[in-house]
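Q: The chain contents come next:
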Amino acid sequence: MAHPISARRSTTVSVFALLCALLCVLPCVLLCVTGCKGKTDEIVIGEFGSLTGGTATFGTSTHAGVLQALDEINARGGLLGKKVKVVTEDDQSKPEEAVSAVLKLIKQNNVVAVIGEVASSRSLAAAPQCQRNKIPMLSPASTNPKVTEAGDYIFRACFIDPFQGSTMAKFAVNSLKLKRFAILTDTKNDYSVGLAQYFRETAKKLGAEIVAEESYSEGDIEFKAQLTSIKTKSPEAVFVPGYYTECALIARQAKELGLTVPLLGGDGWDSPKTTEIGGAAVDGTYFTNHYSEQENRPEVKKFIDTYKQRNAGKVPDAMAVLGYDSMMMMADAITRAGSTEGPKIRDALAATKNFAAVSGTITIDAQRNAQKSIVVLKIDAGRFTFVESVAP
Amino acid sequence: MELLKRNAVPLLLVAAQWPVGWLLSQTVNSYYLQIIVYIGINAMLAVSLNLINGITGQFSLGHAGFMAVGAYVSAACSLFLVNGWPAALALPAILLAGGLAAALAGLVVGLPTLRLRGDYLAITTLGFGEIIRVVILNTAAVGGARGLGGMPPLSDFASVYACTIVCVLVIWRLVHSPLGKAFTAVREDEIAAAAMGIDTTRYKITAFVLGAFWAGVAGALFAHFIGYIHTNSFTFLKSVEVVVMVVLGGMGSISGAIIAAAVLTVLTEALRFLADYRMIIYSVLLIVMMLTRPGGLLGRHEITQWRFWSSRTAR
Amino acid sequence: MALLELTDCSLTFGGLKAVSAFSFTLDAGQLVGLIGPNGAGKTTVFNLITGVYRPDRGEIRMQGQSIAGLPTFRINRSGIARTFQGIRLFPNMSVLDNVVVGANQHIARAPVAMLFRTAAFARHNAELHAQCMATLTLLGLAARAHEAAGTLSYGEQRRLEIARALATRPKLLLLDEPAAGMNPQEKVELMEQIRLIREKLQLGILIIEHDMKLIMKMCERITVLDHGETIAVGKPEQIQIDERVIKAYLGEPVAHDS
Amino acid sequence: MDQLLQQLINGLAWGAIYALIALGYTMVYGVLRLINFAHGDVYMVGAMMAYYLAHWLGFAVAPSTIGFVIVLTSSMLICGALGALIELVAYRPLRNRPRMSMLITAIGVSMLLEFGGQRVFGPDPKFFPQLIESRSLFKAGAVVLTNIDLLVICVSLFLMVVLRFIVLRTKIGLAVRAVSFSFETSSLMGINVNTVISVTFVIGSALAAAAGAMVGLRNPKIEPLMGVLPGVKAFVAAVLGGIGNFPGAVVGGLVMGVTETLVAAYFSSTYRDAVAFVILIVVLLVRPAGLFGKVTVEKV
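Residue numbers (numbering that gives the first Met the number 0), protein chains in the order written: chain A, 0 to 391; chain B, 0 to 314; chain C, 0 to 257; chain D, 0 to 299.
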């Protein structure tokens, strides 16, 4: 045995030698195990999302939408005469995993384009990798304006925070004639924080007053403390920009505490779960969304029917719609590009104009954001009814 | 001169990371390179936590908190302070900033809490990690819930591995020096150690601060490798992940911690093909590994000890 | 001046008087025995001296300096080292490392030298190593220097505790039942070793022991404790015939069980 | 004043839930000195089981109080069995091993339940059927007390009384206390330690399941990760009260619930989660073994 208290130079060296050897061998083994080259007779598109972890419910919804679009595309004969394949990677709702996932898609699966992520944080983490490798990335639902600023290969299929936040503020002040608002924000969620910020700014500009600002965290189920505080300030409406996972419960507890003013929300409310969990408590809520079931556009009806068929009668939420639209936009871009080369798909995506998506007619603007009109819905006896439409 | 000669091997090893890094970047695709870099960062986290949990016998569950401090401070530093400096200057600056900030946090947390024992210490360190996260989430200057991005890609394979080697070397030499053996003595029997004239609190705090320092450096490297940080990367689960590495490697075994970091990092990637079954299998494997080798992969031994190679009795 | 001086020390646990009004002195180079029946408070006295407990009342002086209430490690640095009744080694460390930890206070604090492993550091290490091995040799443990302390036999562990305590270079050594669990042969060896240590290092030694033969043979003076109180002080031959001592050990006809 | 009263009601109902979960932590910690990381997830399974039972047994379409009682008790039984199973498979083989190894398997089990839950139950939130219609029992000014809040508090209280009876008045309770005191001595005294530990897990897990089912009723949104945060908070509550101490866990839970509510109401809802930990740290600095815990002095 080495001498315990004398300097152990030789042994230190051997540790490093061994470890270095180990570190070299492991990746090689990996390479053999997972290394798979894409076949040339198919077009591979990558998808990364949160299939597990804190926001798994959004990731799986998006995934269902993407798969539905994929099947429709392949049923039509694929793209450029080739079958389309989607490789999906889970990022466990963690930013650094999103980086791994995207790199794997690009380097191992040789994808021609990437769809993802719902959460802006993960999109922001992954975007530089797509940009560096000149692979177009289309985010279905990352609303933070910064996402597409990562580079000219990064696009999105959804609204950005300023648009939704200020639209709701204008609607509440101008159409509903309300003057006193409370805001209940999910501080762990940048979408919620973003919407709240622009709602606040616009509402104040229009002369309304924010009488209370409270917050909660993703995953909470107890909001009575915040709601009781809000109630004492007697607002005329409460803006709750968040996801249906919490919003429906907020509505319920608000009613239980006797806070009966209307709630206002964003597209995070769009889910059958909102009415299922919220019950009668969500009636009277106004929220902004991409489309309305009552619009009678053929895309909408077809999408919802097929979705129900494929997913055991489940009604799609906003995430599923955006996942579907993203895949369809990407397919459209690839067809127009006539090629699977990154730069050409990018140019085609950037040139997307008046694309008839389920979530509206989409035009990609110079900032690579989707321009589409917004609709305001009201929940009435458990149904989402159309109130008005606002052009971008 | 004499110093150089005596430390030629480690110095060469550190220096060799740059040509090796260049070589790797030419031959290995960036996906593998990224996994290799993650291994380095995780190894640094595991080894530094091992100093606290394995060698000194304390129980910290807040390593992700220190990592977060390092990541955010260094990121803020490179965005607002050393913006525009040449990389050769900016890199050491941000690493030092991240490390020192985390070390300071370690001192602040350690001073009052280290008199708590075992699980009480664990829960307060866990609490500290969560407090850090809540504070960051509510600090608009560092992005809050939107995360912080735009850091220059200062860290790469070479800088990560150079730092990992230095970290391992410092901790190895410390705990294997006559003076440093007191760390292990504190773990083995605190009362006896005190009776031998060892200021146990001071050793515990030293371990805490030094461990936090390297976690901060790891955080800084992480932030500048990914280029975007968000509090979701530094949850209590990240702390748990590092604790798992330490225990799986064998409490107190530095080489064990490195091996466990590598194994677990590669394992999560290798299981990718399982998609949403991945973490289920991962957790089952974790339980099985622990049941079959309860003392960790190397037990308390180092891979360099012949006992490990020659007899299977070592656990 | 006395090496160690306790004046009127008392300690109660809850309502129980563990040690009451205990006074005691020990001069440099003296070997004193502390005996008494089980639960008499002998180990508590050790714990008071070494700062594990703080006396409710009373004064403890080491070479004239008050040490009552100081943290354990400071008391050790003032020159008091001890062994433990229930062995408290560092079981997963090697025998040699146990002694090295004992020598901790006498190792140069030079972080730079340590990190860069300078020649001075290596030299210092070699010296330290030689010293520690010498200490181990003194207690007959040199051959086992590289084994884990936990694997030693009971008797060897007791001797290692002494070696570790000696490595702190104390002026006063407190031995808590050093011969417990040893066979007669080992006890004889131990006595020889203690005598040797005392001669070589000129230490004051305070020893708790249940083996009367050993105590009577070795000690110059004996203090007898019972129920936390000093019941006798004197030379071995005086103690042997002291009535209160005999009563404490054998009990009165209607004995209170202890 | 009205608001304060309302907040106190909110806090107490919420604290009762924490207390039920905290009791499980404290019991397991008492006998095994193990932070049972999987405990929060057992609470989740409790809620899920109640959800599925309510649907399978048809109470979801025909709600009734009896239905809730049946669902609650069956869920408690199932989770009790689950707890015993977890102990048997993941903890028992490691009982004489370093404590850390058991902690890691506990983390493993926790992850297995979470990720397995996402796979089996699906990651989307589920609506817990309203087996008892929520209505306000009385309104005094702005203060509202709902029947559900009252039910949560009463059921929790009832379960705690039952637990207290078991622990203090029955033979098995005595054995649990003995094992908590000393593992080795109890086995020498002829106590079957394995049985006692299994019973501890059964009771602790059943309490968590009860908490899960009641949370489902009160805050009717359940999902596979719902146990993570309450799990950590309940553990904090147990430590706050002095881990290993039963009344301590209850008081700790109530204190946590009420403080969190008050902090969210009067201070800042943003910092609510942080404040819980700050309080814990402050309490531990003043009383290192929690509010009711005894500082154990190691015998030298």
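These aren't lab readings, by the way, just hints derived from the structure by calculation.
Treat the hints with care, since some could be wrong.
Claimed, not checked - Computed list of lysine-lysine pairs in BS3-like fashion (alpha-carbon distance at most 30 Å, straight line):
1) D:293 with C:212
2) A:82 with A:343
3) C:16 with D:293
4) D:293 with C:170
5) A:178 with D:138
6) A:343 with A:169
7) D:298 with C:246
8) C:16 with D:170
9) D:138 with A:254
10) A:232 with A:313
On a predicted model such as this, the values are computed, not experimentally measured, just so you know.
Q: Give a verdict on every hint.
A: Against the structure, the hints:
Of the supplied pair hints, the one linking residue 293 of chain D and residue 212 of chain C is violated, its CA atoms being roughly 42 Å apart against a limit of 30 Å. Straight-line distance between C-alpha atoms of residue 82 of chain A and residue 343 of chain A comes to about 19 Å, which keeps the hinted pair within the 30 Å bound. With a CA separation close to 21 Å, the supplied pair residue 16 of chain C and residue 293 of chain D stays within the 30 Å bound. Taken as a hint, the residue 293 of chain D and residue 170 of chain C pair is broken in the structure, with Cα atoms around 37 Å apart against an allowance of 30 Å.
With a C-alpha separation of about 28 Å, the suggested pair residue 178 of chain A and residue 138 of chain D falls inside the 30 Å cut-off, and the hint holds. Straight-line distance between C-alpha atoms of residue 343 of chain A and residue 169 of chain A comes to about 39 Å, which puts the hinted pair past the 30 Å bound. Distance hint between residue 298 of chain D and residue 246 of chain C is fulfilled; the C-alpha atoms sit about 29 Å from each other, no more than 30 Å. Using a Cα cut-off of 30 Å, the hinted pair residue 16 of chain C and residue 170 of chain D is violated, with the two alpha carbons roughly 35 Å apart.
A threshold of 30 Å between alpha carbons decides the hint, and for residue 138 of chain D with residue 254 of chain A the separation of about 14 Å falls inside it, so the pair holds. With a CA separation close to 39 Å, the supplied pair residue 232 of chain A and residue 313 of chain A exceeds the 30 Å bound.
Hint compliance for this structure: hints 1, 4, 6, 8 and 10 are not met, and every other hint is.
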